[in-house]
Amino acid sequence: MWLRGISGLSLAFLYLPIIVLVVFSFNASRLSAVWQGFSWHWYGVLRHDDALLAAAANSLWVAALSTSIVVLLGVPAAMGLERLRGRGRRSLETIFLLPLVLPEVMMGVALLLFFVMIRWPLSLATVVIGHAAFNLPVVIVMVRARVQKLDPRLEEAARDLGASAWQTFCRITWPLVRPAVLGAALLAFTISLDDFIVTFFVAGPGSTTLPLRVYSMIKSGISPEINALSSVLVLSSMGLVGLSLAFQRR
Amino acid sequence: MNQSSFSVESAAGSRSRFAGFRLLVPGLLWTIVFCLLPMIVVLAVSFATRGTYGGVVWEFSLDNYRDLLHPLYGRIFGQSLLMAGMTTGLCLALGFPLAYYIARLPPRRQALWLVLIMIPFWTNFLVRTYAWIFILRTEGLLNTVLIQLHLISTPLDLLYSNQAVLLGLIYGYLPFMVLPLYVAIERVDPALIEAARDLYADRWSLFRRVLLPLTKPGMIAGCVLVFIPSLGAFLTPDLLGGARSMMVGNLIQHEYLVARDWPLGSALSLVLMLMVMGSLLWYFRAQALQAGTGGGR
Amino acid sequence: MPVSRYVVSVLGVATICLLAWSGCDRSRETHSQGGPGAIATLHYFTWSDYVSPELIHEFEQTHGARVIVDTFSSNEELLAKLQGGATGYDVTVPSDFMVSVMAAQGMLAELDPAALPNLNTLEPHLQHPAFDPMHRYAVPYLWGTVGIGYDSAVVTPPPDSWDVLWDGRYRGRISMLNDQREVFGAVLRSMGQSMNTTDPTMVEAAKQQLIAQKPLVKTYASEHYDQLLASGDVVLAQGWGGPVARAMRDRPSIRYVVPKEGGTIWADCLVVLRASPNKALAMQFINFLIDARVAARTSERLLFAASNREARAWIRKDILENPAVYPPAELIPRMEWMKDVGKAMRIYDRAWTELKMQ
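Protein chains in written order, with my numbering: chain A, 951 to 1200; chain B, 974 to 1270; chain C, 580 to 937.
Just so you know, these hints were derived from the structure itself, not from any lab. Predicted model, so just to flag it, every value in this text is computed and none were measured. Here a beta-carbon is modelled for each residue, glycine too, at the ideal position from N, C-alpha and C. Any given hint could turn out to be false.
[Stated by the list, open to error] Which residues of chain B face chain A? A partial, calculated answer using Cβ under 7 Å:
1. T1004
2. F1007
3. W1105
4. W1177
[Unchecked claim] SDA-like, lysine to any residue: derived pairs with alpha carbons at most 20 Å apart:
5. C/K793 <-> B/Q1136
6. C/K922 <-> B/L1131
7. C/K793 <-> B/L1131
8. C/K918 <-> B/V1231
9. C/K918 <-> C/P712
10. C/K922 <-> B/W1255
11. B/K1189 <-> A/L1126
12. C/K793 <-> B/R1048
13. C/K858 <-> C/E633
14. B/K1189 <-> A/D1101
15. C/K922 <-> B/Q1136
16. B/K1189 <-> B/W1255
[Stated by the list, open to error] To give an idea of the interface, some chain A residues facing chain B are shown, with a C-beta separation under 7 Å as derived from the structure:
17. V1055
18. V1127
19. L1143
One chain only, chain A, in its complex shape (with noise of 0.2 Å):
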């Protein structure tokens, strides 16, 4: 019974921030510091936003896109990790673990000048790809974990009664991993969707994401409009989980 009462105090700690920023889209001044009123008025704002819109679409692609190649790259790479004995194995752990060592401004400023240096235009491309570099440990950890777990002689029985890799590995590997892999997704969606310094160096002309809008709103104080975009994304994802809750009850 504590169980549930730590599970739903540390929700409700998670939540609390959200709850106070979706209460403040809906003040009435612009800055967030003082209740003025009850308004509408940042939902509309929002609404008409389009270069706001277009930065949070593509956010949300390039989370997606990045998400993808990393799990692509990396499944593939912790197993192959595991299987390695010996030496060898050290020095790769280290190097696939460099990215999330690095600082970010640095690796942001190295990943603009390697760019620059091979001649490739800067684009929404180059940010999917400087993602996919920064998020590819996190994955590799996650499901190293997991599959350091695995009993490698489930694998090699499959493959004694003659399944190929391919088989095996969605046979026999793919569903012990699966959580592994999907913990790992969603948490290097997570980090794509906010990561501001990597993308401002590799983002080229007209490729802006959300989190660029929005730092640079420093100078101007940030508005209400950005509490409004986040309130319809968090309300909107809650939405798509109770759907699916309710389907489920089907």
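Please build the complex by placing chains B and C on the supplied structure of chain A, with the hints as guidance.
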């Protein structure tokens, strides 16, 4: 017949080793190109000198590293390590019950709860942090509620302190701990837990004797995913800590951008990376031990 | 096997998408540089709120061009990105001190005065600013001051010196900027020195004063001090005039003052990048932005002063008379432009770090 099966096995073994390496290649190439090369650039820059206007002058110099020997930087690193360590520990303490609860839910509900945990982090970081400022400040939500309930008489000074930074870091990195823990706990055979219960184990023994050994890789993964990024955090200390103190992340950010001292910033980054590598070595050692002791098979 | 096919198809889709994107971008670039049929595109790299969709639309209509806006969140990031080699931008908005740095690095294109008739009607103190006297590279766009925002209901008598930030009566309710040059600048001015001094003994003395002040300071904040002023958490805030003017709307007792020892005067300037393929269009855009009526609308919206003195005729009286937006004329000779201090930056850096670690 024994001999032939033996040779088939060893052939299969070496084949799988080869196949293992083949799987690695795309990810490895990706990391080498987009991370290792940049790191080498940084290594080179750390031995250069800052130009008058902030560019990089390619004159070899050890000055940057010599400057770092100043005790001031030692204190900054120390403080950051402490903060990151506390964040990791508290995330673990908070995250484990939550992950355990989710892992024990019916399978369909698990995915929904996980998404529910992540949804708050799909909002913008700045707006979220400003919301925390509103909650924690002197005339903010928390103090107002506590005063109304007559639990305190004068407002608590929560914001712009190390405690506020800790709170902000824990808040921001909790999912990074919960997700790996959930993945690890979900794997644990419920029968084992039942058995422990049947043998009258209390919660603490259940955790220490059954859960802890079985979920160690997940715990280590979570700790790595929380410790390293929180070491490099700079926005949270600036906003919630009132920028009254400097953590390593702030310093590196400052050197690269404000001071335009790329050589010093690179030297700092490298020292930070070496420090983190040290803790990662512990991670590898722990993993090796896991594999060595047959890791729960 | 369905799963392996699924994996392969996802991989394929991802690759295709990636290629399509890079392809699209390349084609967009070539298209914009294409023949007479192509629409000229201008890339404006600026602060998020500096553009309003209506103004952009107006320019697009009258000049038959397309304007694409990208944003940055600090001068230093702008410099770092351009230094790293990013191209594709035409017009950007560095602050005054950053203009000298960028010009020294050869990033800026020379301006053609003939294309910028509005240059003739700039405010007097912006006609020959120290950082670019002949407007060779930069056109001042928005300007203002750094001073002290305070709650007149709490802070009595009205402050007139930087020393008020050391007043123990307001312990824990003072905020300073999180900007080493501005914070040191405030102390140095109160000591009668220039904020651009490179004298290590002066910087050291300033540092000691700041360390003495630290227990009184609630936070070092460069962005949300307007919220703190408006909510009453802070009664004295070192800050730029615009945000303080914003706070005045929510709490009318807030006032702004530039201390008698003087403060910083700043100006955000429009520049054309040397790598820009559309220099003529860029200069038309700059001329449009500093036009009296256009600048007036921007100034009213952002609460920063416009560089065109004729814009005053189109700005609301209450904003014109707000010292946080338009400082009184007699104040301006006492103000100082921030200059790059070259090698002495390391001294300031070290002092700032030591201050933070107290």
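Consistency of the hints with the structure:
no.: 1; hint: T1004; in the structure: holds (6 Å)
no.: 2; hint: F1007; in the structure: holds (4 Å)
no.: 3; hint: W1105; in the structure: holds (5 Å)
no.: 4; hint: W1177; in the structure: violated (13 Å)
no.: 5; hint: C/K793 <-> B/Q1136; in the structure: holds (18 Å)
no.: 6; hint: C/K922 <-> B/L1131; in the structure: violated (39 Å)
no.: 7; hint: C/K793 <-> B/L1131; in the structure: holds (17 Å)
no.: 8; hint: C/K918 <-> B/V1231; in the structure: holds (14 Å)
no.: 9; hint: C/K918 <-> C/P712; in the structure: holds (14 Å)
no.: 10; hint: C/K922 <-> B/W1255; in the structure: violated (41 Å)
no.: 11; hint: B/K1189 <-> A/L1126; in the structure: holds (17 Å)
no.: 12; hint: C/K793 <-> B/R1048; in the structure: holds (19 Å)
no.: 13; hint: C/K858 <-> C/E633; in the structure: violated (23 Å)
no.: 14; hint: B/K1189 <-> A/D1101; in the structure: holds (16 Å)
no.: 15; hint: C/K922 <-> B/Q1136; in the structure: violated (37 Å)
no.: 16; hint: B/K1189 <-> B/W1255; in the structure: holds (13 Å)
no.: 17; hint: V1055; in the structure: holds (5 Å)
no.: 18; hint: V1127; in the structure: violated (9 Å)
no.: 19; hint: L1143; in the structure: holds (6 Å)
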